[in-house]
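Same order as they appear, the protein sequences are chains A, B, C and D. If you count the first sequence from 1, position 27 lands on 27 in our numbering, and the numbers rise without skipping. Going from the second sequence to our numbering is simple: count from 1 and add 1000. Going from the third sequence to our numbering is simple: count from 1 and add 2000. Going from the fourth sequence to our numbering is simple: count from 1 and add 3000.
Where hints are given, some of them may not hold.
As the list claims (entries may be wrong) - Here are some chain B residues the structure puts well away from chain A; computed CB gaps all over 12 Å:
id, residue
1, L1019
2, R1119
3, V1120
4, M1161
5, Q1196
6, D1206
Stated by the list, open to error - Beta-carbon label-pair distances, calculated as ranges:
id, chain 1, residue 1, chain 2, residue 2, range
7, D, N3215, A, D80, 48 to 58 Å
8, D, K3222, C, P2092, 39 to 49 Å
9, C, G2143, D, F3271, 21 to 31 Å
10, A, K138, C, E2227, 30 to 40 Å
Claimed, not checked - 30 Å max Cα-Cα, derived DSS-like pairs, lysine-lysine:
id, chain 1, residue 1, chain 2, residue 2
11, B, K1110, A, K138
12, D, K3219, A, K219
13, B, K1073, D, K3138
14, B, K1110, B, K1235
15, C, K2213, D, K3222
16, B, K1213, A, K138
17, B, K1073, B, K1213
18, A, K73, C, K2110
19, A, K219, D, K3110
20, D, K3110, D, K3138
It should be emphasised that the hints constitute simulated quantities derived from the structure, not laboratory data. Glycine included, C-beta positions come from ideal geometry on N, C-alpha and C.
Number of protein chains: 4
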Amino acid sequence: MRLLFLGDIVGRSGREAVLEGLKGWREELSLDMVVANAENASHGFGLSPQIARDLLDGGVDAITLGNHAWDRKDLIGQLDQLPAVVRPANYPEGTPGQGSCVVTLPCGRKVLVINVMGRVFMDALDDPFRAVEQILSKHRLGGTVHAAVLDVHAETTSEKMGFGHLYDGRVSLVVGTHTHVPTADHRILRGGTAYQTDAGMCGDYDSVIGMEKENAIRKMLKKVPTERFQPAGGKATVSGLMVETDDTTGLAIRVCPFRQGGDLLPSMPNF
Amino acid sequence: MRLLFLGDIVGRSGREAVLEGLKGWREELSLDMVVANAENASHGFGLSPQIARDLLDGGVDAITLGNHAWDRKDLIGQLDQLPAVVRPANYPEGTPGQGSCVVTLPCGRKVLVINVMGRVFMDALDDPFRAVEQILSKHRLGGTVHAAVLDVHAETTSEKMGFGHLYDGRVSLVVGTHTHVPTADHRILRGGTAYQTDAGMCGDYDSVIGMEKENAIRKMLKKVPTERFQPAGGKATVSGLMVETDDTTGLAIRVCPFRQGGDLLPSMPNF
Amino acid sequence: MRLLFLGDIVGRSGREAVLEGLKGWREELSLDMVVANAENASHGFGLSPQIARDLLDGGVDAITLGNHAWDRKDLIGQLDQLPAVVRPANYPEGTPGQGSCVVTLPCGRKVLVINVMGRVFMDALDDPFRAVEQILSKHRLGGTVHAAVLDVHAETTSEKMGFGHLYDGRVSLVVGTHTHVPTADHRILRGGTAYQTDAGMCGDYDSVIGMEKENAIRKMLKKVPTERFQPAGGKATVSGLMVETDDTTGLAIRVCPFRQGGDLLPSMPNF
Amino acid sequence: MRLLFLGDIVGRSGREAVLEGLKGWREELSLDMVVANAENASHGFGLSPQIARDLLDGGVDAITLGNHAWDRKDLIGQLDQLPAVVRPANYPEGTPGQGSCVVTLPCGRKVLVINVMGRVFMDALDDPFRAVEQILSKHRLGGTVHAAVLDVHAETTSEKMGFGHLYDGRVSLVVGTHTHVPTADHRILRGGTAYQTDAGMCGDYDSVIGMEKENAIRKMLKKVPTERFQPAGGKATVSGLMVETDDTTGLAIRVCPFRQGGDLLPSMPNF
Ligand SMILES: [Fe+2]
Ligand SMILES: [Fe+2]
Ligand SMILES: [Fe+2]
Ligand SMILES: [Fe+2]
Ligand SMILES: [Fe+2]
Ligand SMILES: [Fe+2]
Ligand SMILES: [Fe+2]
Ligand SMILES: [Fe+2]
């Protein structure tokens, strides 16, 4: 199976770059499945139901979220009608929405998508490792599901690497989000799981993590609050990674960064 | 001028990979200057005076540090005899050592090296921006110094990007350290400064940021303290980036990741 | 000199309790000077210029602030016309307002009021110890000023105790604010400075630090954002402490908690 | 029932003051039950098995812990033989020891003791509210147990007040520990539960939260690590609070601070 994962889509610039390119890339790369983190898709803060639908109509098969999951209150009531939108699994019981979903592709193959949030330097949610264990206990990679993607929305590289090693061999891909900068450590771990510490953002990199740089820098220097941050409006880089998996085992065969447009060095998988 | 910057050297594995390769790479890439962050060179925690000397004898021209600067108490009293070893500039007045140094190359050209530490999710040091301003006010890029390297030792991508934009055009390179994972966002910013959010570590990546993964993961799962962490001993990736600068302006002409050995995809500059 | 210090005034309930009682207490206790922290006076978040004037007209001689200093943007432009309103001294140079003021009483005696913010688990401001040193270097307790009050707005007890010991003998009173709960450790330190780790809030204690408890607890349990917090509207306890100083030395002779109204055990100084 | 709760016992000074006074106080105050937090009893860091036994032999009926629970590795293996020593309940499943215990008094009455740790500005443990719910679901106040004490080991006043209100009416006492400073907000909440945000420490208050002040202040000023902190050795204040409960309902009838010796103003319950 050929999977594309895209990191945090930030604002209009990020959204438009994804929607303009995605159908072409699906074809060019013979993609079976696209997952995107969209916690910043609505003007940098949260995801509106309309934009969720636009992304799902525009070639994204499943959407993950993060600490900004609840910024758009109108999404909360609609999460139940959007089964392909998942929020971090380690929110307490009774939280709206789901922490994972299984997407059935037109060909009939099934892909498990899990979203989980780290706890270091982030809000104190429930144990993310236990949350992932509970989800994985209900599925068997290479059995009930043909592939499994785990989006670890976390601040520190250590916590993300912990997830990588712990679930190595049990999911197809462990990929980090949240820092909005792609890492260059994509690889297949010893147990067969593709791994990258952060997928990077889909947004304008001439910015501070996707937001207009002037205000963000003023805040760092002055400490006195400034205007509310606005997403930077320059040309976005669409950033993520592509994985090819073995449908029998669900493990990764190849992994390659995907970066198109904007300020970063492009990378297009050639498998 | 042709500069190589190497990220946090971690333990014996990282040190040996750097020392074994560096003389060859200096020649192969016609390097004029090598800067390395060595805050984890001594068994993962700090830098002993002996290892500082080994690195300086082995092809490193200047060493930067970070939050682990003081882990080896024997270094503190010797910092004054090691002028090419710099600790973060924003420690309070009276702190041993210096936050910057100027290295004069055999050819007579001068390179300013600055080390500074971020404050988000780190110890509350003095204002890092003011510390860098004070240092830069005494030097002129393309005038009194031919190149200038700023190592921003920080946790968050936002703070590092703030430094990149703020000093764009005033130094040759702004590069982050501390997260131990290389980022894939190397580029030359609008004002001519080369930038990469993190240089990555020189160490074994089959680990949790360079430390043995079993213990690190057990700590994440169990919370009860484990044995003291040990550096992972597998084959290291030497990770950093190379920059070519214009000696007249001191600004960057080319930038390319440098990665050799170990688990990560290799990258060798071809300019 | 007889000084009353009141902790963080929270919302209408806290404001009204202070304004209703203060003139009577000034007389009853023969107070020479009243200082109040008012960072939460305007509906729990910040201080409006109008409420600042109401407090200053109502018997408060000087107002201190904290991390909520900038919540009310209309205050920022008016800080220069409100010399008796001080914000934390360790904001960077160029920040609106002042970190200290000298109030001249009708009798001609002068009182130095300093506000400073801790850095542990708070925003990374400049070194608060250096900021206080710079202010104290311009004044002499028992010389140019007859008394000096230092409000340490900080999260941790350790940082506040550090301030107490460090400035023991150099100011009349070191008192903490920010936690909204009075501590029972009021005393005169070895060097003659009155000390209390936190003055407590002037607000409704049937709450979570002055805010309505239902919403605050729901946020702790659910993690999903709730409505914006509202100040609790029940009867406030006015909480602080009274200090009597020696006008010759400026040091403390007596210290006693002051608590009136609401849910806490009352305490009225009897000296 | 007449209960005494003592806050964090720090080092030799705190231990000796408790052991010297406790048998007298038990008699003088007709105490039925004494609970003490002892996470810092062994030289400021952790609790050795021997000191645990000394305290249990010396008049303490149950011991609670906190973030320092694991500082003394020799305690870990012996927790199972020390059923009256409880560690925070919200450590993950499989953690040595228990998060609560039921002490049966010589008269046959039973007291439930719970220890839980907050998550704000502390290690990311499991949900402390859920942990307490699970324990309380197995006991009925005024039914299976005659009294129940909940020690909330936490940094912030807000989290502690959240616990107070949430369990108001369901336990006899909610008391905070960890900040090492007693608060003056002891009271009986609307639902009948006695509450105090922090019990304070049993230790030398001429210190920084019980540790020698010189080193602690040097660390705040210099940032470069100093010697390992040592407990302050001056005369300790024994600090806590006394509660009288109704054996039928288990709720509180009276609450009063208990403070004896050392630098703080003494308080001796007179009921
Ligand atoms: Fe994001
Ligand atoms: Fe995020
Ligand atoms: Fe570091
Ligand atoms: Fe490091
Ligand atoms: Fe505050
Ligand atoms: Fe406040
Ligand atoms: Fe503690
Ligand atoms: Fe403690």
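We went through each hint and held it up to the structure:
Separation of B/L1019 from chain A is adequate, the least Cβ-Cβ distance of about 23 Å exceeding the 12 Å criterion. The non-interface label for B/R1119 is inconsistent with chain A: the shortest C-beta to C-beta separation is roughly 9 Å, within 12 Å. For B/V1120, the condition that its CB be more than 12 Å from all CB atoms of chain A is violated, with the nearest at approximately 9 Å. Distance check for B/M1161 against chain A: the nearest CB is about 5 Å away, which does not clear 12 Å, and the non-interface claim fails.
B/Q1196, annotated as away from the interface, has a beta carbon of chain A within 12 Å; the closest lies near 9 Å. Look at B/D1206: its CB is around 7 Å from the nearest CB on chain A, not clear of 12 Å, so calling it non-interface is violated. Under the hint 48 to 58 Å, the C-beta atoms of D/N3215 and A/D80, about 56 Å apart, fit the expected range. Between D/K3222 and C/P2092 the beta carbon distance is about 22 Å. The supplied range of 39 to 49 Å is therefore violated.
About 49 Å separates the C-beta atoms of C/G2143 and D/F3271, a value inconsistent with the hinted range of 21 to 31 Å. Between A/K138 and C/E2227 the beta carbon distance is about 35 Å. The supplied range of 30 to 40 Å therefore holds. With a CA separation close to 62 Å, the supplied pair B/K1110 and A/K138 exceeds the 30 Å bound. About 28 Å separates the Cα atoms of D/K3219 and A/K219, which keeps this hinted pair within 30 Å; it holds.
Restraint check for B/K1073 and D/K3138: the C-alpha separation of about 52 Å exceeds 30 Å, so the hint is violated. The suggested pairing of B/K1110 with B/K1235 is violated, with an alpha-carbon distance near 34 Å, which exceeds 30 Å. This hinted pair does not check out: C/K2213 and D/K3222 have alpha carbons roughly 40 Å apart, beyond 30 Å. In summary, the hint linking B/K1213 to A/K138 is supported, as the alpha carbons are separated by about 26 Å, within the 30 Å threshold.
With a C-alpha separation of about 27 Å, the suggested pairing of B/K1073 with B/K1213 holds against the 30 Å cut-off. With a C-alpha separation of about 53 Å, the suggested pair A/K73 and C/K2110 falls outside the 30 Å cut-off, and the hint is violated. For the hint pairing A/K219 with D/K3110, the CA-to-CA distance comes to about 56 Å; that exceeds 30 Å, so the pair is violated. Between D/K3110 and D/K3138, the direct Cα distance comes to roughly 14 Å. Compliance with the 30 Å bound is thereby established for this hinted pair.
Checked against the numbered hints given earlier, this structure breaks hints 2, 3, 4, 5, 6, 8, 9, 11, 13, 14, 15, 18, 19; the rest are met.
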